[in-house]
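Novice: Sequence:
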Amino acid sequence: MLREAGRSDLGLGKKRFADSLIARKIIDYVVDRQNDDGGYTFCQGAESNAQDTYYGLAILEMLGSSFPHVERTVTWLRELDLGSIYSYNYVSKALVLCGENPGNCHKECIVSAIRSGRYFGDVDVYVEVSSEFTLTLSVLELAKMLNIEVDGGRVERWLLEYRNEDCGFGAHGYSNVISTYYAVASLNLLKNDVTGLRETEGFVRECEKPFGGFTVIPRSAPPYMEHTYYGVMTLDLLGENCRFPSQTIDFVLKCQRDNGGFARSDLGISTFENTFHAVSIMQRLAST
Numbered sequence: 035m036l037r038e039a040g041r042s043d044l045g046l047g048k049k050r051f052a053d054s055l056i057a058r059k060i061i062d063y064v065v066d067r068q069n070d071d072g073g074y075t076f077c078q079g080a081e082s083n084a085q086d087t088y089y090g091l092a093i094l095e096m097l098g099s100s101f102p103h104v105e106r107t108v109t110w111l112r113e114l115d116l117g118s119i120y121s122y123n124y125v126s127k128a129l130v131l132c133g134e135n136p137g138n139c140h141k142e143c144i145v146s147a148i149r150s151g152r153y154f155g156d157v158d159v160y161v162e163v164s165s166e167f168t169l170t171l172s173v174l175e176l177a178k179m180l181n182i183e184v185d186g187g188r189v190e191r192w193l194l195e196y197r198n199e200d201c202g203f204g205a206h207g208y209s210n211v212i213s214t215y216y217a218v219a220s221l222n223l224l225k226n227d228v229t230g231l232r233e234t235e236g237f238v239r240e241c242e243k244p245f246g247g248f249t250v251i252p253r254s255a256p257p258y259m260e261h262t263y264y265g266v267m268t269l270d271l272l273g274e275n276c277r278f279p280s281q282t283i284d285f286v287l288k289c290q291r292d293n294g295g296f297a298r299s300d301l302g303i304s305t306f307e308n309t310f311h312a313v314s315i316m317q318r319l320a321s322t
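Positions in the sequence shown are counted from 1; adding 34 to them yields the numbering used here.
Honestly, I wouldn't trust all of these hints.
Said to hold, decoys possible - Derived lysine-lysine pairs resembling DSSO-like cross-links, with alpha carbons at most 27 Å apart: (1) LYS178 to LYS243; (2) LYS59 to LYS288; (3) LYS178 to LYS141; (4) LYS288 to LYS225; (5) LYS243 to LYS141.
Said to hold, decoys possible - Simulated DEER-style distance windows between Cβ atoms: (6) LEU55 to ALA80: 26 to 36 Å; (7) GLU199 to ASP71: 48 to 58 Å; (8) GLU190 to LYS288: 35 to 45 Å; (9) ARG112 to ARG239: 36 to 46 Å; (10) GLY187 to THR109: 37 to 47 Å; (11) ARG112 to LEU194: 18 to 28 Å; (12) GLU142 to ARG58: 34 to 44 Å; (13) LYS288 to ARG191: 33 to 43 Å; (14) SER100 to SER150: 33 to 43 Å; (15) ASP62 to SER299: 46 to 56 Å; (16) GLU81 to ARG239: 39 to 49 Å.
Just so you know, these hints were derived from the structure itself, not from any lab. Quantities reported herein were computed from a predicted structural model and do not represent experimental measurements. No residue lacks a Cβ here, since even glycine has one placed at the ideal position from N, Cα and C.
Take these sequences, add in the hints, and give me the full structure.
Specialist: What follows is the structure in structure tokens.
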């Protein structure tokens, strides 16, 4: 009954989706995983972390929900000991969602990273990192928030070196939808007119499945939540829509767990990251 009601709500647009039973269950899922310190974690009982706190706040914001104990959250974010560009980015974006100025507390580190050029130029990354361009996008997002100048032409030239014959992006001549998203999103932040990448749209379309969802590369199966998110959002950046919105929404809803959160497939456990992806997809498709 929940999923049937959800399909009807989604068909009426973003506002109705935010008021739907599905949305209320998602909000409860997130709020129930806020710790006493104001931070969030998808695993109840675990310590708060920057990534889940950002995703939790972003989910609530997309669904039009207020942030519980927001003062505690802001205090926790400002007192967090940060150790990487990724954590700087999550904390800064979370503070912005809370209506706070991230300030210049991370500016020296970001300026150092930009001057060193270490946020691009190396495509051999740890397996835990989504893409060889993840760090690039994180630094560009931080630079925009903190009004730091970037040599956009240099970054653009480097990114375009990894546009392959199939017009997707990826290292060593192998394109995938994840790297394609991060490259296109980075180019977009550099104020490039990415809608001109028509051939890249063709690569993403090859990953789109008529039965719903996207795969990481063409002619592979099955679709997963993160690949579907990157596919839908890349098309959005390119000014295009998903060709199979109803089927893709059905795929996403099959990934919802009883606790209200979403997993990467119809099996597995729910996480804040997958739930953020699911809500982003459904909101985007509800507006088409």
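Novice: Quick one: which hint numbers does this structure break? Sort them smallest to largest.
Specialist: 1, 4, 5, 11, 15
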